[in-house]
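Trainee: Here is what each chain is made of, one letter per residue.
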Amino acid sequence: MAVMKKKGEKEVGAISTASLPDVIFMILFFFMISTTMREMTAKVTFTLPEASEVQKLEKKQLVSYILVGEPTPDLRAQFGTAPRIQLNDSYQELPQILDFVASERDKLNEIDKAAMTISIRADKYTNMGVITDIKQELRKAEALKISYAATKAE
Amino acid sequence: MAGNKRKVQEVNAGSMADIAFLLLIFFLVATTMNKDYGINRVLPPYQEDQTKEMEVKQRNVFLVFVDRENRIMAGGDIIELSQLGAKAKEFLQNPTRDENLPEIEIKEIDLLGRVAVSKGVISLQNDRGTHYDTYIAVQNELTKVYNELRDEASQRYFQKPFNELMIKEQRDAIVAAIPISISEAEPRVTQ
Chain A
8 MAVMKKKGEK EVGAISTASL PDVIFMILFF FMISTTMREM TAKVTFTLPE ASEVQKLEKK
68 QLVSYILVGE PTPDLRAQFG TAPRIQLNDS YQELPQILDF VASERDKLNE IDKAAMTISI
128 RADKYTNMGV ITDIKQELRK AEALKISYAA TKAE
Chain B
2 MAGNKRKVQE VNAGSMADIA FLLLIFFLVA TTMNKDYGIN RVLPPYQEDQ TKEMEVKQRN
62 VFLVFVDREN RIMAGGDIIE LSQLGAKAKE FLQNPTRDEN LPEIEIKEID LLGRVAVSKG
122 VISLQNDRGT HYDTYIAVQN ELTKVYNELR DEASQRYFQK PFNELMIKEQ RDAIVAAIPI
182 SISEAEPRVT Q
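Protein sequence lines, in the order shown, are assigned to chains A and B.
With our numbering as the guide, the letters of the first sequence map in order to residues 8 to 161.
With our numbering as the guide, the letters of the second sequence map in order to residues 2 to 192.
Don't read these hints as lab results, they were simulated from the structure.
It is possible that some hints are incorrect.
What the hints assert, rightly or not - For lysine-lysine, the following DSS-like pairs were computed, each having C-alpha atoms within a straight-line distance of at most 25 Å:
1. A:K159 / B:K145
2. B:K145 / A:K120
3. B:K58 / A:K63
4. B:K90 / A:K67
5. A:K131 / A:K114
6. A:K147 / A:K159
7. A:K66 / B:K145
8. B:K90 / B:K58
Just so we're clear, the structure is a prediction, and the values are computed from it rather than from any experiment.
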């Protein structure tokens, strides 16, 4: 009974592609979930320094960014090439960091406020003067947890 | 036979894959994968009077200074970046209990028992003209020393490297035994 192969029926049927959309949808959902849309457009250009002992920044909603670098080429005519500080979407001066930190902190709930991290994304050719000034402002704003953004070197 | 004619036409799902592909490609392009890495530090609280900022014994401080020409001075000598790690490690471990190297305090730590904890502080100073690149390289080198020390301690007590410790209490114990104390003080003003 078990062996009842009829000769002539050996033809392989076409593989059903009906489940292909499901597979694709699965990959799609993976990307949709792992995607973080760019929230701000960088108006400064920077190459992050390399470091081997970097740690991943956990919990993105707790992280605020300070960008430091030269203005992007299309803005150079207007702003020159001196390093600028970008908070949110615009160039800011040092004293504005206090307000920036306060407003970023207000967005978080009480429990998360202590865990707020400021990520300093600065160009590697920046002079430390700017960075030190930013650090002083952050200390004044009591945003003490910082992270020097760097790319992971192997 | 007549009943068969009334059958509802099945919608062709063949193009579903194409639609899904289209969406997939859109997300592939728009995605920025999580690549936020950085060296984490905790700044000291702000103080109006900066003269009081550090009150530590001379022997407990390891001064690392990066000048505007990106030269590194550590513990009084000008050294290369590659030498910094070994020097900092020797300072933090004080294997020979040298009088000039930092004090060791015996602390009672949960899970570890009595542990010798170094009181050493690495004071990292820079000039305003120092390159950020060099500064990060130095920070990286110092972090590496701490990570190595933590790995060694973790191997000794728990037989696995620090970043493989899954139990929070174990991690906390190692962190307590080897606290990262890098002081990022005010930059020095040099002419």
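Trainee: So, against the hints stated earlier in the document, which numbers end up violated here?
Mentor: 2, 3, 4, 5 and 6
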